[in-house]
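So the protein lines, in turn, are chains A and B.
To convert, take the position in the first sequence, counting from 1, and add 224; that gives the numbering used here.
To convert, take the position in the second sequence, counting from 1, and add 224; that gives the numbering used here.
In short, the hints are calculated from the structure, not lab data.
Among the hints, erroneous ones may be present.
One copy or two, either will do: identical chains are not told apart, so a pair holds if it fits within one copy or between any two.
To be verified - Below are the DSBU-like pairs computed for lysine-lysine, each with C-alpha atoms no more than 35 angstroms apart in a straight line:
no. : residue 1 : residue 2
1   : K233      : K372
2   : K263      : K377
3   : K263      : K233
Letter by letter, the chains look like this.
Number of protein chains: 2
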Amino acid sequence: MGFFSKDIKTMDDLFLHTLQDIYYAENKIEKALPDMIDKATAPELKAGFEQHLGETTSQIARLDQVFEKLGLEAEGVQCPAIDGILEEADEVAGEVDDDRVLDAALIAAAQAVEHYEISRYGTLIAWARELSHSDVADLLEETLEEEKATDTKLTELAEGSVNASASS
Amino acid sequence: MGFFSKDIKTMDDLFLHTLQDIYYAENKIEKALPDMIDKATAPELKAGFEQHLGETTSQIARLDQVFEKLGLEAEGVQCPAIDGILEEADEVAGEVDDDRVLDAALIAAAQAVEHYEISRYGTLIAWARELSHSDVADLLEETLEEEKATDTKLTELAEGSVNASASS
């Protein structure tokens, strides 16, 4: 059973709650990506999502390591933010027929997910350093760099489709 | 009444849907900020949220201008993503007694909101340029710069609290 927000009294509690939040989020993202891979039509977008699925699995393993380093059991706590972001992604991308419009919607949805993760890992790293868990901060930093690289790649894909359209 | 996702057929439809999504989000953020101002304890955080409330009001006015330029009525469409992000913010910050922990939770919540907005405005700007609405893209770019500046300021506040704790 996860940690409830009413149990948050100290920075350690807040750190743990946010770690459980991103653990839940990463696991939801891992489950959502295969559907996004199926839906994507541009081969480079499909490949990008496939690569990100592999990264997400490693990021979950990295979070397992973080829990272990802290001597805690790895577990999630429900995260209404990622639930809402993924619900919205599904709602929008679920109804689009045109390939180019669908890919644009999928890229936008994936960037909203990436930005959520970038914000949460940024916060967790700052708090890990504050709480003198520098080894944990270093691990989370690796994930943050991957999330930023994914976001940059998605922007390039979005701009690629813009250029394709401008020259068509 | 807003635009439904089932009506998304073209890039114009997707652009309009996302514009209505961020219009709804900005209006929800404008309603949420006074509570965050009330809760914040560090004077510089309170002042930062107050300044951001003013900016949010201007950003809504800027979106009104965007709808006007496109010859459309300004209206929102429910955005489960921002609902989830704000629900989570409320859930976490609602239960914390310690001032420093509460401020840290509020900064983290505000950064999740900023990153959602950064992702949506980035997407909207790319699509506005693709759809040859360069005047609209320029207006949205002003908001994006403000959101990024707010995020940077929040990071500084978060690090400020880290330093304060490190030296205490």
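Outcome of the hint check:
1. Taking the shortest alpha-carbon separations for K233 and K372, both the intra-copy value of 31 angstroms and the inter-copy value of 30 angstroms come in at or below 35 angstroms.
2. Within a single copy, K263 and K377 get their C-alpha atoms as close as 18 angstroms, which meets the 35 angstroms cut-off; across copies the closest is 38 angstroms, which misses it.
3. Taking the shortest Cα distances, K263 and K233 sit within 35 angstroms of each other only across copies (15 angstroms), while inside one copy they are farther apart (43 angstroms).
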